[in-house]
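**Q** Spelled out from the first residue to the last, the chains are:
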Amino acid sequence: MTLKTLLLASGALLGSAATAAASGFQVNLGGQQNIGMGGVGVGLSLDQAAMFYNPGALAMVRANGVQVGANFALARGAYTSENGGAQRDLQHLLVTPFNLYAAFGKEGKYKFGVGVYTPYGSQLRYADNWEGRYSLTEINLQSVYVQPTFSYAFSPQFSVGVGVTMLAYGSVNLQKDIPLPTGPGHITLDGTTKFQMGVNAGLYFKPSDKLSLGISYRSKIDAQVKGGSVSYAGLPTGASAAAINRGFTATNFDATLPLPATASVGIGIMPTDRLTIGVDASLVFWSAYRTLDFNFSGNNGNAGTPTPANTGLVGGSTTSTSKRYYQDALAFRVGGQYKATEQLIVRLGSAYDFAAVKDGYVTPETPDAGRYIATAGLTYQPNPHLGIDASFQFERFAKRSQSQADLLNNGTTDRVAGTYRTDIFIPGIGVRYSF
Amino acid sequence: MKPIVKYSAPALALLGLALGGCQPNIDAPAAAAGSADFTSYVAVGNSLTSGYSDGGLYNEAQATSYPAILAQQFGKTGKGPASFMQPSFAPAQQDGSGYIKLQVVNGALAPVIPSAANSYLGEKLAATGSVLASGQLQLAAYSGAQPDNLGVPGISVLSSLSALTNGLAPYGLLNPFYERLLTAAEKPSKDYVTYIGQKTPTFFTCWMGNNDVLTYASNGGVASAADPFSNLTDTTRFGIGYRAILSTMSKRGTVAGIAANIPNVTGIPYFTTVPVATVIASIKANPQLPNAAAASLYITTGTGTVRVATSADLLTLTAQAVIGTASGTANPFPVGVGYSATQSNPLPSKYVLDEAEVAAVVARTTQLNAIIAKTARQNKVALADMNTFFTTVAQQGVAFNAVSNTAVFASGNLFGLDGVHPTPRGYALVANELIRNINNFYGASIPTVNINEYRGVVFPQ
Numbered sequence: 001m002t003l004k005t006l007l008l009a010s011g012a013l014l015g016s017a018a019t020a021a022a023s024g025f026q027v028n029l030g031g032q033q034n035i036g037m038g039g040v041g042v043g044l045s046l047d048q049a050a051m052f053y054n055p056g057a058l059a060m061v062r063a064n065g066v067q068v069g070a071n072f073a074l075a076r077g078a079y080t081s082e083n084g085g086a087q088r089d090l091q092h093l094l095v096t097p098f099n100l101y102a103a104f105g106k107e108g109k110y111k112f113g114v115g116v117y118t119p120y121g122s123q124l125r126y127a128d129n130w131e132g133r134y135s136l137t138e139i140n141l142q143s144v145y146v147q148p149t150f151s152y153a154f155s156p157q158f159s160v161g162v163g164v165t166m167l168a169y170g171s172v173n174l175q176k177d178i179p180l181p182t183g184p185g186h187i188t189l190d191g192t193t194k195f196q197m198g199v200n201a202g203l204y205f206k207p208s209d210k211l212s213l214g215i216s217y218r219s220k221i222d223a224q225v226k227g228g229s230v231s232y233a234g235l236p237t238g239a240s241a242a243a244i245n246r247g248f249t250a251t252n253f254d255a256t257l258p259l260p261a262t263a264s265v266g267i268g269i270m271p272t273d274r275l276t277i278g279v280d281a282s283l284v285f286w287s288a289y290r291t292l293d294f295n296f297s298g299n300n301g302n303a304g305t306p307t308p309a310n311t312g313l314v315g316g317s318t319t320s321t322s323k324r325y326y327q328d329a330l331a332f333r334v335g336g337q338y339k340a341t342e343q344l345i346v347r348l349g350s351a352y353d354f355a356a357v358k359d360g361y362v363t364p365e366t367p368d369a370g371r372y373i374a375t376a377g378l379t380y381q382p383n384p385h386l387g388i389d390a391s392f393q394f395e396r397f398a399k400r401s402q403s404q405a406d407l408l409n410n411g412t413t414d415r416v417a418g419t420y421r422t423d424i425f426i427p428g429i430g431v432r433y434s435f
Numbered sequence: 001m002k003p004i005v006k007y008s009a010p011a012l013a014l015l016g017l018a019l020g021g022c023q024p025n026i027d028a029p030a031a032a033a034g035s036a037d038f039t040s041y042v043a044v045g046n047s048l049t050s051g052y053s054d055g056g057l058y059n060e061a062q063a064t065s066y067p068a069i070l071a072q073q074f075g076k077t078g079k080g081p082a083s084f085m086q087p088s089f090a091p092a093q094q095d096g097s098g099y100i101k102l103q104v105v106n107g108a109l110a111p112v113i114p115s116a117a118n119s120y121l122g123e124k125l126a127a128t129g130s131v132l133a134s135g136q137l138q139l140a141a142y143s144g145a146q147p148d149n150l151g152v153p154g155i156s157v158l159s160s161l162s163a164l165t166n167g168l169a170p171y172g173l174l175n176p177f178y179e180r181l182l183t184a185a186e187k188p189s190k191d192y193v194t195y196i197g198q199k200t201p202t203f204f205t206c207w208m209g210n211n212d213v214l215t216y217a218s219n220g221g222v223a224s225a226a227d228p229f230s231n232l233t234d235t236t237r238f239g240i241g242y243r244a245i246l247s248t249m250s251k252r253g254t255v256a257g258i259a260a261n262i263p264n265v266t267g268i269p270y271f272t273t274v275p276v277a278t279v280i281a282s283i284k285a286n287p288q289l290p291n292a293a294a295a296s297l298y299i300t301t302g303t304g305t306v307r308v309a310t311s312a313d314l315l316t317l318t319a320q321a322v323i324g325t326a327s328g329t330a331n332p333f334p335v336g337v338g339y340s341a342t343q344s345n346p347l348p349s350k351y352v353l354d355e356a357e358v359a360a361v362v363a364r365t366t367q368l369n370a371i372i373a374k375t376a377r378q379n380k381v382a383l384a385d386m387n388t389f390f391t392t393v394a395q396q397g398v399a400f401n402a403v404s405n406t407a408v409f410a411s412g413n414l415f416g417l418d419g420v421h422p423t424p425r426g427y428a429l430v431a432n433e434l435i436r437n438i439n440n441f442y443g444a445s446i447p448t449v450n451i452n453e454y455r456g457v458v459f460p461q
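Chains as they are written, first to last, in our numbering: chain P, 1 to 435; chain L, 1 to 461.
To be clear, the hints were calculated from the coordinates, so they are not data collected in a lab.
Possibly wrong hints are sitting among the right ones.
Unchecked claim - Far from chain P, some chain L residues (derived; all Cβ distances over 12 Å):
1. I100
2. A108
3. P114
4. L132
5. L137
6. S143
7. L182
8. R252
9. S282
10. I283
11. S296
12. I323
13. Q367
14. T391
15. V457
Unchecked claim - Pairwise CB distance ranges, derived in the manner of DEER restraints:
16. H92/P - T366/L: 54 to 62 Å
17. S35/L - Y352/P: 37 to 45 Å
18. G315/P - A277/L: 19 to 27 Å
Remember, predicted model here, so these are calculated numbers, not experimental data.
Note that CB positions come from ideal geometry on N, CA and C, so glycine has one too.
One chain only, chain L, in its complex shape (with noise of 0.2 Å):
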């Protein structure tokens, strides 16, 4: 019996490894244009379209902007384009404007700006050395043909088109990464509904719009009487300019193409990463403090009103590092900026979005959209509703692949340390929202891709 069993048992595991090397196959899925034509693809926007992350452009986190993603996409489908160009900085001076980094000061993670102070964070930046008129660091100019990827940091529908402010704010002089793209001669004349307008594209992404109510927002609601774009964007002039914009692109309805809304900003880490109970409760608790129990947190408004902070009122990124530091004022700490409204400065406008800014925002931002909507109806464009979806991710966040995504600031994966601007993870998650329109309105399969493969913030090891 046994030597049945010890010859037999051999024989019977190799015929099972003989029949184990049949491997089952999946078919890939497969990828589809539709009835659209990706072979030359063109990206209109502002810093979210440029690959802007981190406070900065960088050549690392420019490669995986949301464009570059889709125009990789788009190739699966056999109608891509052959190749895509972004604007990207020479290799020795790859880290462009320079970006924020995550660095341990003072025995905690914080993020750390470059700054001269710190070397820029041996950050290879693209400085010229010259200053523009708005004050901004010159960039090195980028030598290349017209990019694919027309995204620039900081542009808005305003400053889009020069006739709506009179030709008197040439933007080619003003932003560095606006005029580092533009000759000499085009710098103080050609602004950049002209300047798209020189693409031919056979299909086109336009996500515009952010910067009319975020540069707002982003300053605690503060308007500079100096800078003719900081303001909430008005609905006429959006108008005027968003149509001009779309309709370029579609060269009226004929190119076929995505208009993406405006999220509402104050989902971003940048608003909500300092809640004023967590700030209140601190100060409370702080034990140098005479009479913590009795102080709070004090902040100017919009309309100079000095008041105890609400809930409802949103505190900047920024205004953490001004929070309780000396005032400069007759009373230096303990009685530090914010805790009090008489003894001392109450927290400054610009670092609070407070509660009548806030429904300002939002009410606008509703107003711009309806405008988005309607234009991209008019120009047979699709509309990717960028505020429903980052409302939903800011609310609950998204898992994929069993890895859970969050827009809390940082350890979240999707916001990089900005505050404002998604990590490469956060871009892969947006060209999956443009794919999943794209797809239903132009009856495409462009397969999305995992967002796991790409990073969140890079913590140090």
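If we strip away everything but chain P, and leave its shape as in the complex, we get (with noise of 0.2 Å):
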């Protein structure tokens, strides 16, 4: 299979790429067996998804096969204003990140593949006329890896795997209300990403047939956005248009957004033939995230004839830089498969993100938390060629509060006090055919 039908094949599932499922807008859904055991992966050689939780245990992986997994998140968030009033909802959305992978080689010694799968992602809409707005009332941000990945055994005890992690596709989709003098306006802000490359390696150590270890590394790729569009709605048109439309003059902005790397380490235990249980580790380096720019250019004439002075504005001003000030977040993660019959496998697990996000910086667009992790899911067999994964995961999110105060301390007031409460949902289902 080559990677431009495994593209046009992710395609068809590309709806929109993920709600954040880990901490930040990371998305930790690489497989549908793994999801089952709370998202372990690092230290086991399960399927062909160890491209994406270690590209090391790939050659290990039994058989050569292709898979295809698709998840169905659904985020319910809740908001309420540090001045009181009503409590703001999320709109219910369905965000479906999905992975795919295809893999063949020679078993126990190497193996060739490519993975598409979905690493980073957030789609969130406010509730209309939410005291955010005009900090965001939208934001759809997607990401899709191609990684075509090479891994090799130098023993049936070691193995070690390096894939190209390849930002196929990337979009930006950032909404929200600018408050004029006349009355709310809108801005949208809409990009796609330049092709950007960076590497997810890994190493598989089996010393028994009862334990196994495994460590992994995923660079960073920034994703950036050059010359997206900048688009107005609700701009004075009559008295006042003159004096308040010179300052939103920009067409276009650039952007960078990193996504970062990422250090697992997993172990895995096979007490008997039946049972495996897996325990991760890992550390997502969000301190790369420091502040959010946009460079603004282009002239749409709202300032009269274009000059370099009235150029480029949005709010009067050329740029505009929003601290993040991220930090890098651990997670643990511990899962277990119970293999009950030939046919049928069942599968729990458990996992705590730490929180990417600070206290007193927490963005709509991020409303970061530590999190509760559970999830299951089972395999049903009818053939030793075909496996039917289904997952479920769900995602407590802490409740999050942060004062004016904080903001005003933290120079962070282009955002808003009050209390962020998300839980997640995310059924999810795959198809397994090796062969």
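Since each chain sits alone in its own frame, please combine them into the complex, following the hints.
**A** In structure tokens:
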């Protein structure tokens, strides 16, 4: 299967990439079997999704195969202003992170493969007229990585793997209201990212039938938008138009969003043939995300004859910068599977993701918090070649509050004071075919 | 394989939807009155307390006076006032004294003052047609019971206690905003301290003293011989007056309340919107002016000296309309008012608060604020340092729920079109700062308001 056909196949699923399902706007939904086990996988070689969790383990995956999985994430978010008033609920959206892998090679020796997955993303739409409307009304952030991978086993105990991660598709759509003296206007920033590459590499060590160890590292990719579009709605058209609209001339923007590196270690324990237990720890290097900067350009003529001085303005300024100051975020995961019969495998798992966003820095686009995760899954294998994997993941975010005083102290008044609470429900289904 | 996906995927999505119906809930922030009791709240003060905005007192702005916002927020503690009465105008006269509007003049937005010539901008005024002894238009009498918002535009500490002027200036006959609240019998004799003493609140706010410096400052440091309240108030009489007001309201320290001090008036848009440097630059660039490069802006100082203006001098908002106009003397335009020291008129003193006058105003504000702080302590009430608060706002603005608000004239959202008085949003900001201080002093947790829900200056659509 060529890269092109894989992309075409994935295109059918690409409604929107994901809602953030790990710290920050990371999405740790690499493979349906792994999801059922709390998202572990670095120390395991379950299936072709090893390409995502630990490319080093791919050579140890038993069969050649093709697999595809999709998740249906439903985020339920609530916000209450520090000033009281009605609770504002996120509008209900369904987002579908997906994964797709194909690998072949010589069993126990080497393997080539390619994976397509959605490692970062977020889609949120806030209630109409909510208190934070001038910070954000809606965001849709998508990323699709394509990762050709090669894994080689030096011995039955030790294998390595390297994948080239390619940001094949990325898009950002940010919308917010603008506080004009004549009433609220609206601005939409929309753009797609440039092609970028990174690496995903790992080592896998299996000293005995009952124990395996893995370590993996996925490098940072900067998602760069060049020449994204800026559009406005609700600017005045009457008496105040000349005075107000001259501050809104930009037609394009540039911005860069880091998709941070992730380092993980994992252990697999197989006490019996039927039972597999995985434990993972991973560290996402979110501290790379310091500020979100926009540079505006272009001139729509709102300020009269275009001059360098009146070009590229949004709210009278050619740039905008917003503090993020994310912190590196740890995650701990544990999960197990039990092979009840030759046809049926059942799974359970749990995880805790620490918040990437510091206190007083929470923004509406990523209402991040420490999150408790519980998962379950099962596999039905009608024959040795075919596996149907179902998974379910539930995430409960800790309640997160920040006050106007916090925002003033941190210089983060471009967001809102109040309390956020989010739950995410993610059912998923996948199909594996091995040969 | 395919049929299984086809049937199980929607089933799973349904499962998710069913679970997704579980919406997380957040408890509303708790509100409590602490050791204070807001069941009867009275506000004492001047125009800032009355809800005066855009150069006038009118119902729409009065509805969002900071005392009205406070009363509303006090109510959330469960120990708020059952009602809070403001002396509003009759619906047919809802625009009260009239107020300045932003309109298109010669193709650009400009503040327009209501006058007979522009049919009072179509406003529904409450003028009776009579003129008071002060020359101000009489306003229709307020007929309800004594209100809870006792803010009287224009009143100073000096004019609150008739003994301070030996009863020679009966304030109830001079100030239309006070006159409309009094009965015919009360007008010649009842001073403001007596008037506010009729109330028996459980909690009060007192924001007095602004006009003891502002009246002088906004007139460019020119006091009128005919008006005993037009100079900077001396500290002796201010002290006597302020102590009388605060001990009257606190019933000698037994009623809870909060006193707010005097913000430094030199930071308001009235004094910052027309910077000297900008005026001089535009004069020097005026192609119609002979020898424009040699011209500058000449002012008359408080001592009568004529000199070139410097950045330490503050031009009033009203100076804008005067600078460069035909002088009316022997040398009309192009040598307009302020352009020259010798050939024509320098800018009259009342349009500029010169460096020495600025220093005098700032020094007097500091002295009066010391009296306010000491008197608040003596009467065991909280003190809101509005001077420090406003200085911060004037310097860096205040962003709230991602909306930037500044002290910039008109477009900054906080100050109305007279350049002195806040907009409803400015008043909401004042209310929040008072709430913060009340919460600190009385151990209360009164919620603040979302100031973005209150308007800034009204721009025509």
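**Q** If a hint holds in the structure, say so; if it doesn't, say that too.
**A** Do the hints match the structure? See the list:
1. Once the 12 Å rule is applied to beta carbons, I100/L is consistent with being away from chain P; the minimum gap is 15 Å.
2. Distance to chain P contradicts A108/L as a non-interface residue, since its nearest Cβ pair spans about 7 Å, not more than 12 Å.
3. Even its closest Cβ contact with chain P, about 18 Å, leaves P114/L beyond 12 Å, as expected for a residue assigned away from the interface.
4. Every C-beta of chain P lies more than 12 Å from that of L132/L, the closest at about 35 Å, which supports listing it as non-interface.
5. Distance check for L137/L against chain P: the nearest CB is about 29 Å away, which clears 12 Å, and the non-interface claim stands.
6. Listed as a non-interface residue, S143/L keeps its Cβ farther than 12 Å from every Cβ of chain P; the least gap is roughly 35 Å.
7. Look at L182/L: its CB is around 38 Å from the nearest CB on chain P, clear of 12 Å, so calling it non-interface holds up.
8. The claim that R252/L is not at the interface with chain P holds, since no C-beta of that chain comes within 12 Å of its own (minimum 35 Å).
9. Against the 12 Å criterion, S282/L stays outside the reach of chain P, whose nearest CB is about 18 Å from its own CB.
10. The beta carbon of I283/L is kept farther than 12 Å from every beta carbon of chain P, the shortest such distance being approximately 23 Å.
11. Annotated as non-interface, S296/L keeps its C-beta farther than 12 Å from every C-beta of chain P; the closest such distance is 27 Å.
12. For I323/L, the shortest C-beta to C-beta distance to chain P comes to about 22 Å, beyond the 12 Å cut-off, and the non-interface label holds.
13. Against the 12 Å criterion, Q367/L stays outside the reach of chain P, whose nearest CB is about 30 Å from its own CB.
14. Against the 12 Å criterion, T391/L stays outside the reach of chain P, whose nearest CB is about 15 Å from its own CB.
15. Some Cβ of chain P comes within 12 Å of the Cβ of V457/L; the nearest lies about 6 Å off, and the non-interface call is violated.
16. Look at H92/P against T366/L: about 58 Å separates their beta carbons, and that is inside 54 to 62 Å.
17. For S35/L and Y352/P, the hinted distance range of 37 to 45 Å is satisfied, since their beta carbons lie about 42 Å from each other.
18. G315/P and A277/L have their C-beta atoms about 25 Å apart, which keeps the hinted 19 to 27 Å range intact.
Hints 2 and 15 from the list above are not met by this structure, while the remaining hints are.
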